[in-house]
Amino acid sequence: MGRARNGDEVSEQAAEWIVRLDADDPAEREAARQGFAAWKARDPRHAEAAEAMEALLARVRDLRDATPSGHRPARAALDSARRTRRWPRRAGPLLGLALALVLPLWLSLQSWAPSWPIADLQTARGEWDQRVLSDGSRLALGSATAANLDLDGSPRLVEVIAGEILVDVAADPTRPFEVRTRHGRVRALGTRFLVRAQREWTEVVMFESRVRVAGPAGDGEEAGGDAFALVDLDAGERLRLTDAGPGPVEPVDAAALEQAWSGRRLVVSDRPLSDVLDQLARYRPGWTRYDAAAVAGLRVTAVLPLDDPDRAMRLIAASFPGLRVRTLTPYLVLVGR
Amino acid sequence: VTAVELAQRESVHSLYIDHHGWLYAWLRRRLGCPDTAADLAHDTFLRLIASRDALLGLREPRAYLTTTAKRLLVDRARRARIEQAYLAGLVVAAEEGGGHPPPERVLAALEALEQIAEALEGVSSKARNAFLAHYLEGESHAEVAARLGVSTRMVRKYLVQVLVHCGRRISGAVA
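Going line by line, the protein sequences match chains Z and C. Everything in the first sequence is counted per our numbering, starting at 1 for the first residue and increasing by one. Everything in the second sequence is counted per our numbering, starting at 1001 for the first residue and increasing by one.
Hints may be right or wrong, so weigh each one.
[Said to hold, decoys possible] Sample of chain Z residues lacking proximity to chain C, with all beta carbon distances greater than 10 Å (derived):
| no. | residue |
| --- | --- |
| 1 | 16 |
| 2 | 39 |
| 3 | 46 |
| 4 | 47 |
| 5 | 72 |
| 6 | 192 |
| 7 | 232 |
| 8 | 236 |
| 9 | 240 |
| 10 | 267 |
| 11 | 313 |
[Claimed, not checked] Label-pair ranges, simulated between beta-carbon atoms:
| no. | chain 1 | residue 1 | chain 2 | residue 2 | range |
| --- | --- | --- | --- | --- | --- |
| 12 | Z | 324 | C | 1014 | 54 to 62 Å |
| 13 | Z | 270 | C | 1013 | 49 to 57 Å |
| 14 | C | 1033 | Z | 232 | 56 to 64 Å |
| 15 | Z | 255 | C | 1025 | 52 to 60 Å |
| 16 | Z | 278 | C | 1143 | 41 to 49 Å |
| 17 | Z | 151 | C | 1105 | 46 to 54 Å |
| 18 | C | 1108 | Z | 200 | 39 to 47 Å |
[As the list claims (entries may be wrong)] To give a feel for the contact side, a few chain Z residues facing chain C, derived at Cβ under 7 Å:
| no. | residue |
| --- | --- |
| 19 | 9 |
| 20 | 11 |
| 21 | 12 |
| 22 | 15 |
| 23 | 18 |
| 24 | 19 |
| 25 | 24 |
| 26 | 71 |
These aren't lab readings, by the way, just hints derived from the structure by calculation. Heads up, the beta-carbon is just placed ideally off N, CA and C, and yes, glycines get one too.
Construct the complete structure from the given sequences, taking the supplied hints into account.
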């Protein structure tokens, strides 16, 4: 009993020193630094009592520095750890249910809706759609896709805000058909092609016939503001557009790609893993995060099931034994080494 | 291998044989998920093996096992809440352009959060607020005082109180 009391006193003293260490007054801080060191040196039990507290505080400070956004997520997490326990027994399950309902909705809103709340056509993650447009053209939309339509004028216009569409253009010699993305335009008379718009690039894959692709002129081109680099793309060819202009035209196995697309498979041949993860991420609800350094230099050749992106993840994990794929929640998958 | 260790091994073994079945069934009824129930039953026995002295004189194995399993259930629920709130917070931060920390940091942070939450268990809410405002959010004693509407002396008292409490919990957990 006497000893326990004594121990309590020692830890109280330790705590008082630690609190003084970051007092608001700099002179007091300095005095505390010296006093604390002397106090710890006086008795090993003193140092011992201080150790656990200092270790905890170090963890708290680390936590503050761990996120670029600082302490807010950490504070929210700690408050959530406590909150439900203090509520009356009945509220627990109810709250849990409410959270279970609200959180996924909220997460999906966060990751999805705000950017294009009023697009003419859209699909959610993991959802596909097919439309026959008023001009007779057919449009298939991939997962997480948003597009606007303006088919009455000339040219007929489809604007892809994000995601991918497969277009089967109804021939109309008087009115060309044009697909626009933030990176450029694809113009066709009657043809079948795929447009995939991502944040960094737009990819055009030709299945049939030919289109003309216009992207921003590259740096070397002499150009005014409206200058476009024009590239003709034939069946069996693929091209990437970025802000820097059109990339090289590459041959692809168009038939296999088209089949894969309609079979909801992602066919990749010697692509960087980061590219593939980006694409898979578009099919999963929630978040896929990867450690760029860990996946750098890894390349993938695979046929992956897009309608089962979790299985696709596992397939990737299985082919790179050095890689760890962790599902922290269904809403967060981490890939690292 | 000492005689004591042998006896312990023996008793864990017989405990497992006698009790694993109903513990698993009990957890399964509560959780409705056979996999989680199996995990938790396993963890419960691990916890039991880790606490050696409990082993030797275990009078009421059932009571002990259910208590341990319940505590593990609570821990697990808390872990899930922390994880959800933290990840949701990161989503918001990333949306606001704060970027996202690398995966290994997220994992380390989750571990730290769990430990801190555990240490703070049982602290009064004002003291807890003072502690987090000062050490996590980096507010000065005066700022915390203004926020909580108390004197700086009171803020210091809160901080000492929380530190003593946490120190006791942490060294208690280690011993």
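Against the structure, the hints come out as follows:
Not every C-beta of chain C lies more than 10 Å from that of residue 16 (chain Z), the closest at about 5 Å, which undercuts listing it as non-interface. No Cβ of chain C approaches the Cβ of residue 39 (chain Z) within 10 Å, the least distance being about 15 Å, so the stated non-interface status holds. For residue 46 (chain Z), the requirement that its beta carbon stay farther than 10 Å from each beta carbon of chain C is met, with the minimum near 12 Å. Under the 10 Å C-beta cut-off, the non-interface status given to residue 47 (chain Z) relative to chain C holds; the minimum distance is some 12 Å.
Its closest Cβ contact with chain C, about 6 Å, brings residue 72 (chain Z) to no more than 10 Å, contrary to its assignment away from the interface. Every CB of chain C lies more than 10 Å from the CB of residue 192 (chain Z), the least distance being 37 Å, so the non-interface label holds. No Cβ of chain C comes within 10 Å of the Cβ of residue 232 (chain Z); the nearest lies about 39 Å off, and the non-interface call holds. For residue 236 (chain Z), the condition that its CB be more than 10 Å from all CB atoms of chain C holds, with the nearest at approximately 39 Å.
With a cut of 10 Å on Cβ distances, residue 240 (chain Z) stays outside the contact zone with chain C, its closest approach being about 26 Å. Annotated as non-interface, residue 267 (chain Z) keeps its C-beta farther than 10 Å from every C-beta of chain C; the closest such distance is 28 Å. Even its closest Cβ contact with chain C, about 14 Å, leaves residue 313 (chain Z) beyond 10 Å, as expected for a residue assigned away from the interface. At roughly 38 Å, the beta carbons of residue 324 (chain Z) and residue 1014 (chain C) sit outside the given window of 54 to 62 Å.
For residue 270 (chain Z) and residue 1013 (chain C), the hinted distance range of 49 to 57 Å is satisfied, since their beta carbons lie about 54 Å from each other. For residue 1033 (chain C) and residue 232 (chain Z), the hinted distance range of 56 to 64 Å is satisfied, since their beta carbons lie about 57 Å from each other. Checked against the given bound of 52 to 60 Å, the beta carbons of residue 255 (chain Z) and residue 1025 (chain C), roughly 56 Å apart, stay inside it. Remark: the range hint 41 to 49 Å for residue 278 (chain Z) to residue 1143 (chain C) is upheld by a beta-carbon distance near 43 Å.
Under the hint 46 to 54 Å, the C-beta atoms of residue 151 (chain Z) and residue 1105 (chain C), about 49 Å apart, fit the expected range. Range check, residue 1108 (chain C) to residue 200 (chain Z): about 30 Å between beta-carbon atoms, so the 39 to 47 Å window is missed. Annotation: interface hint on residue 9 (chain Z) violated; nearest CB of chain C at approximately 10 Å, more than 7 Å. This hint holds: residue 11 (chain Z) has a C-beta 5 Å from the nearest C-beta of chain C, less than the 7 Å allowed.
Interface restraint check for residue 12 (chain Z): the shortest CB-CB distance to chain C comes to about 6 Å, inside 7 Å, so the restraint holds. Below 7 Å, beta-carbon pairs count as interface contacts, and residue 15 (chain Z) has one with chain C at about 4 Å; its hint therefore holds. Taken as an interface hint, residue 18 (chain Z) checks out: its beta carbon lies about 6 Å from the nearest beta carbon of chain C, inside 7 Å. Against a cut-off of 7 Å between C-beta atoms, the interface hint on residue 19 (chain Z) holds, since the closest Cβ of chain C lies about 5 Å away.
Interface hint at residue 24 (chain Z): satisfied, since its Cβ lies 5 Å from the closest Cβ of chain C, which is below the 7 Å cut-off. Taking 7 Å as the C-beta contact cut-off toward chain C, the hint placing residue 71 (chain Z) at the interface holds, the least distance being around 5 Å.
Hint check: violations occur at hints 1, 5, 12, 18 and 19; the rest are consistent with the structure.
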